[in-house]
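In order, the protein sequences belong to chains A and B.
Numbering-wise, the working numbering puts 289 at position 288 of the first sequence, and it's gapless, one number per residue.
Numbering-wise, the working numbering puts 87 at position 86 of the second sequence, and it's gapless, one number per residue.
FYI, nobody ran anything at the bench for these hints, they're computed from the structure.
These numbers were taken from a predicted model, which means no experiment stands behind them.
There's no promise every hint is true.
[Stated by the list, open to error] Sample of chain B residues with no beta-carbon within 10 Å of chain A, all distances over it, derived:
1. K86
2. G106
3. Q120
4. C140
5. A145
6. M159
7. L216
8. G264
9. L309
10. E330
11. D364
12. L390
13. H394
14. L398
15. K400
16. A403
[To be verified] To spell it out: a stretch of chain B is covered by chain A in this simulated footprint if at least three of its residues, at any positions, have a beta carbon under 8 Å from a beta carbon of chain A; those stretches are:
17. 66-80
18. 280-289
Positions of the beta carbon are idealized from the N, C-alpha and C atoms, including for glycine.
Number of protein chains: 2
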Amino acid sequence: MISSDFTQGLLAQGRDSKILLVVVDGLGGLPDPRTGKSELDTARLPNLDALAASGSCGLISPLGPGFTPGSGPAHLALFGYDPWKHQIGRGALSAMGLGLDFRTGDVAARLNFCTVDNQGRVTDRRAGRIPTEKCQELCAKLEAIRIPGIEIAIAAEMEYRAAVVFRGEGLEDELSDSDPQVTGVPPHALEARGKGSARMLEVANAFVDQARQLLAAEQPANMVLIRGFGRYPVLPQMGEVYGLKALAVAGYPMYRGVASAVGMQTVETDWHLDQELEVLRARWAEFDFAYLHVKKTDSAGEDGNFDLKVKLLEEVDQFVPKLLELKPEVFILTGDHSTPSVMRSHSWHPVPLVVHSPVAMPDGLPGFSERHCRAGSLGLIPSTAVMALALAHARRLEKFGA
Amino acid sequence: MISSDFTQGLLAQGRDSKILLVVVDGLGGLPDPRTGKSELDTARLPNLDALAASGSCGLISPLGPGFTPGSGPAHLALFGYDPWKHQIGRGALSAMGLGLDFRTGDVAARLNFCTVDNQGRVTDRRAGRIPTEKCQELCAKLEAIRIPGIEIAIAAEMEYRAAVVFRGEGLEDELSDSDPQVTGVPPHALEARGKGSARMLEVANAFVDQARQLLAAEQPANMVLIRGFGRYPVLPQMGEVYGLKALAVAGYPMYRGVASAVGMQTVETDWHLDQELEVLRARWAEFDFAYLHVKKTDSAGEDGNFDLKVKLLEEVDQFVPKLLELKPEVFILTGDHSTPSVMRSHSWHPVPLVVHSPVAMPDGLPGFSERHCRAGSLGLIPSTAVMALALAHARRLEKFGA
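So that you can see chain A by itself, here it is in the shape it has in the complex (with noise of 0.2 Å):
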C-alpha cells in the first residue's frame, strides 16, 4: 500500500507531464456460459486492443482477494487511499451522491420515511415504499424544520428513502441510529457514541421531534428513522500528496463527491461521453491530472445486461482515440471494480488496467480482457498502488534513497 507520506516525500519537482486516469465503472466481467467469453472478451476494442499491445497491463485489486467494494472504497483505492482505512459513512456517501451542498465540518445521515401506529411504534420502516415523488414532496416539508444555529439541507433519493445535512459548530458523528430495524417497537432513542457529539445528539432529537410533528397527518409516511451518521470525510488531499493539480469529469453527483472528498476540482456534467469529453476538453491545459469517470458499464453489469455492456464497451473505445488526442504523458484506463453481467452486482474478481506512455513496458498483449491482462507485466496489484504507477509513468516520483 502506498503511505501518503512516503509519496510525497518522493515527488519529482518542476514537472508538467499530464495523466489522464479514465474509470470505467464495473469494467471487469466474468464469461456468458453460452458463449464462453466475458463481456471485454466479446466486445469488438480495436483502440484498447492496440493499447494492451502497446502498453503495460496488469490486474488490480480493490480490497484484496475474495472482497466485494461498493463504489466508494472502490474509488479511494485508486486514488490511492487505502480503502478499509479511510472509510466513508453511508450517510456521507448518500448525501455526496444527491450533490447536497456538503462540506468539513458538516455531518450528513440517511432517513427512510416511515409508519408508526399511535402509540409510535413502527409498522412500516419503508412506509409501503411511497413513490419517489411523494419523498420529494415530504422532503420539502422537511425543510420547514428549524433548529437555532444549525443549517439544514435535504434531499430526497429513491422512494422512501433520503438524505440530511446538518451544518453548524460542533457537530460529531458517533451517533447510534433510531432505526430499530425490526417492527412492533419503537424508533430507538439515538445515543451519543463518543461525547464530543452531545451537539450533535441535541440536533438530530430536535430534527426528529419536529419531523414527527410535520408528518403527524401524512399517511402512510408518518415518521422518519435516521441512520448512518457521517461526516464530511477528511482525506489527505490529491494536490499535498501528490503534486498534482487535480480533476474530475463525472456524470454522476456520488463520484463528483468522492473525488471533491480528495482534493480533486469537479465540474458538473451530465454523464454522456460525449459531454465529459467536452468538459474535459475545455479544462484540460489548467491541469496535470483528470480523471473521467464512465457509469453507464456498471449500471449495465447490474442489470444482468450482457449485450448492452458489450455495446458501452464498444463505444468507450471509440473514444480512446478522443481522448489520445488531448496526448496526456500517461494514460490509464481502467475499473474501479469488476461489475460482471451474471452476477448482476459487483464482485471481487480484479480489474484490467492499461498504462500507455513512452516509458511504459509494451506488453505486446493480443488484446484487452480479463484474460489477457492477468499475462500483463503490472501483474496483479492492489488497486492502491495505480496512482504511484500514473506518478511514475509520468516522471513525478524521484528515485528512492540513494
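Fit chain B to the known structure of chain A by using the hints.
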C-alpha cells in the same frame, strides 16, 4: 491479510451455500532432475486438469516468500488466521497430534526421555533413541504420578518423545524448558517467566520430581526433560468469524486438533480416502463448510519418494469426481504447504490452488501444476486469503461500503 473482525461485519445472511475445502498435505513439489517435471507435472490428473480449465487458479503462500511452515501454522493460514500472530505452542501441537484430551485452560508440554548419570548430569538427551514401544511402557509408568488438584494425561509419540497435558485451576504456560540442549550438565531448573505461571511451575516441578523417582531404575531412560509448555490455543471460532458450521474430516489427530481449535466439529476416521469420503458423505448435509485432509502425499514427499507421491496425487485425482458429486457450491483444492520429494521436507514454495464455482473466472489453463497455476487469475496470494475467496464464491460476503 483478512481481519476476522472485518469479515464478521461483512457476512451475508441467509445463505445456505456449501463450501468444500480439500487440503492435500504437501501438495506442491519441485522437478525431478531426471525429467525436469514436478510430481504434479508427472502425475496423470484428468480431473484436476479439467478443474484448472473451468475454475480459477493461483498459488498460495503460507508465510510469505522464503518461510517454510510447520503443519500448524500452514493450516491456521488456510483457515484464515494470520499464522505469525496466532501461534500454537509445540507442546500444544504435540498433544493435539497425539489425540490427547486437551481443552481450554489445559497446558501441554513435550517430554523427552533422556539418560542422566549418578550426579544427575544429562549424558544422552534422547536416551539412545529407545524404541517407541519402550516409550509407551515408560509413559504408562508415569501415569502413577499424583499431584493434588491436577489431572494428568500422557501419551507416547515416536522413540524417546512423549507429550503431557495438565488440567487444573490457574495453569499458565509461561515456563522455561528443562532441556539444557547439551550433555554433561544437569537439566535446567524450570523458571516461571510470568507471575501467573507460579502454579504451573509448582506442578511441573512436582511432575519432574516424581518422574525421576519412577524412572530411577530404568536404563537408559532414567529421566525426562520437559519443554514447549503451551496452553490450549484460544482462537476466534469459525462459526463466529465466518458464520459457518464447519466439519473437519482428517484421519490424523493433529489436523483434527487444529481444526477443533478454530471451532470445527471433528469426526474420528482413519486416513484412507475411502474412509474420509464415507464420513464426509454421512455428515455433509449438516454443515456449511467441510475441510477434508489428505495426509499421505506429505509423508511420501518427506520420505523423498517421488514416484509414490505421484501415485498418491493420481489417487486424489480419482477422488475429485466423487467429491464433486456432493455438489458443493464452492469446491477448493489446495495444499497446506509444499513438500518437494527432492527436498525430503516441507518447503516455502507456493502451493497450487484451484477454486471451482459458477462465479469463478474460468482460467482455461492446460493443467493443474505449480507452473500452470502461476498463470491463473487468482495470482500469488497469501494462504490467509483462501477463506475470503471461499466465502466470496459462496456469496457469503457482503459488499464493503456503499
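**Request:** Could you tell me which of the hints above the structure violates, numbers in ascending order?
**Result:** 11, 12, 13, 14, 15, 16, 17 and 18
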